[in-house]
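There are 2 protein chains.
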Amino acid sequence: MSLPATESPKSAESAVILTGDRPTGPLHLGHFVGSLRNRIDYQHTYKQFIMLADAQALTDNMDDTNKVHRNVVEVALDYLAVGIDPAKSTILIQSQIPELAELTFYYLNLVTVARLERNPTVKEEIRLRGFERDIPAGFLTYPASQAADITAFKAALVPVGEDQIPMIEQTNEIVRRFNRTAGRDVLVEAKALVPEIGRLPGIDGKAKMSKSLGNTINLGATADEIRAAVKQVYTDPLHLRVQDPGHLEGNVAFLYLDAFDQDKAGLAEMKAHYVRGGLGDSLVKARLEACLQDLLAPIRARREELAKDKSHVMQILKEGTAKAREVAAQTADEVKAALGLSYF
Amino acid sequence: MSLPATESPKSAESAVILTGDRPTGPLHLGHFVGSLRNRIDYQHTYKQFIMLADAQALTDNMDDTNKVHRNVVEVALDYLAVGIDPAKSTILIQSQIPELAELTFYYLNLVTVARLERNPTVKEEIRLRGFERDIPAGFLTYPASQAADITAFKAALVPVGEDQIPMIEQTNEIVRRFNRTAGRDVLVEAKALVPEIGRLPGIDGKAKMSKSLGNTINLGATADEIRAAVKQVYTDPLHLRVQDPGHLEGNVAFLYLDAFDQDKAGLAEMKAHYVRGGLGDSLVKARLEACLQDLLAPIRARREELAKDKSHVMQILKEGTAKAREVAAQTADEVKAALGLSYF
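Chain order of the listed sequences is A and B. Residues in the first sequence are numbered consecutively from 1, following my numbering. Residues in the second sequence are numbered consecutively from 1, following my numbering.
Worth flagging that the hints you see were computed from the coordinates, not collected in a lab. As the structure is a computational prediction, the values presented were derived from the model and not from experiment. Treat the hints with care, as some may be off.
As the list claims (entries may be wrong) - DSSO-like mimics (lysine-lysine), calculated; alpha carbons at most 30 Å apart, straight line:
#1 A:K154 x B:K123
#2 B:K206 x B:K231
#3 B:K123 x A:K123
#4 A:K88 x A:K310
#5 B:K323 x A:K323
#6 A:K323 x B:K318
#7 A:K318 x B:K323
#8 B:K154 x A:K67
To be verified - Label pairs and their computed distance ranges (CB to CB):
#9 B:Q164 x A:D41: 49 to 57 Å
#10 A:D333 x B:K310: 16 to 24 Å
#11 A:A337 x B:K308: 43 to 51 Å
Virtual Cβ for every residue (Gly too), placed ideally from N, Cα, C.
All chains should be modelled from the sequences, with the hints used to inform the complete structure.
Next up, the structure:
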């Protein structure tokens, strides 16, 4: 997406952006296209906080807390490998900032149960997870936690998918209600930043690339894994013989090439050839594989290098978290002061 | 209530007891009988934490946060005036211990929305406050917050009224579920300690002495206020003439004398006279007034003395809170470690 021309990279006044991931598994090409690639740009323009949302991940992973713990360092490795620069972006671990839980606690007083139950994102996720009446309270209330994360850093921008816009609206309702209660603007409203390129489909052509659907290509995939995945990429089921005309709609090989191939002219030529017939899937897939191998080889190499010294990665997370905590603690102090909860 | 003979006052092993108040108004005789008097005993036997639950008070006082702030020091003055000794009891301010919010945050994952909605205490309080569907989320979820308060200090005993027993049960459900998740006993189950003498009726004979019903005698009441209140005390509406037999049932003057008069023999004699007739209400009330003036005069004097140096009171709260925070932070660390949320 294009950035406003008025933002200067070095400006101390640059807007705060909050983004992050639930550390429940390795990141994949879907994350790369949907968020990571943008974050590499954002870090030059905005004051970017990237949150490893381990506490939020527990809301539906209390039965596998090890998975969450383990993936914190794995996701951090993915971040660093793709080019997120800890000197430019502040990477933080959510659970290590108690002030985020504190803010959540107070925001729970500013939202009704009925309002949370009406939240379309929460409703959909409750349906997807099959919770029905046995919704953990922490799951129903996670919009308050998300409001805490966003407001703790006074984020003005939050990159989200279209389906997450109601979460930002919920945050802003809490912000407005808090500021009204406080009688002054303590908290900042946030804007959803919806990227132009949305979701990458899975290799099987399913709408979404997702770990749970098993249709991903991970950022740390080996050359063999990439090769095997590309072989499985869904193309045009009607394109049975080389000489037949092929279709581009829903053709994952071409969708991926659109997302990753830098040689737009060459790609346009290949598409035309495919559509008029005479081009086999194997050549398209060969081009896609070359493209993905080129993209992922340096990421994998950096990831392997970084993984040799995980204590260094943890040190980066420790420093980022400490820096982020200062900001969040300042906000929590302001919030508590506005609620009359300052004494000493 | 009688204390178990096996507990030694000086034992480092003595059980932890957690008690406290929502600082929404001055404490009154109902608090004195229902809790304060017991706490003065408990502090010699147990490791007692007394919490000023300002954060919990906000769940239904977001429209008057000043009231909560103001009453923190007022309730602390009441504590010190009745004889709670900060060298023996740890007095703490809830909002100043972020670890309590942190524990609440994680416990929310261990209780379902349906379970919270079934909690009889919560149900009744929602009804009393007329919330209907517009229940603040913080109100529905406050059993998780109460579980945080109790478990943070590893309290084995929690003095509560009969109606609060479901809250302790809810805490213990969370404790068991957490320990099962952790695979070891990190948290401690608590026992409700229901005092033998329960609630003191209001001066108007209503079931409960309560600020909102305007039927209280405050601990800091002046001699004139006590005199005026005793005049209004509800007696026997059928006892119209001095020579008529009087009734003791529901007779607030005698209920108060039962609670406060140390001269049990003299009181028994007066009761007999009243029942057989020939004793006017004015004499009963004179005895009650003398009794209450004797009880409250030294409390009022100590309260006035302490109120001259509120910064000293705040220093006591600061030290108590710091001491309590160390304990709560230790528990929060254990809880987070058990959930795999330790990294550095």
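Output the numbers, in ascending order, of every earlier hint that fails for this structure.
1 and 11
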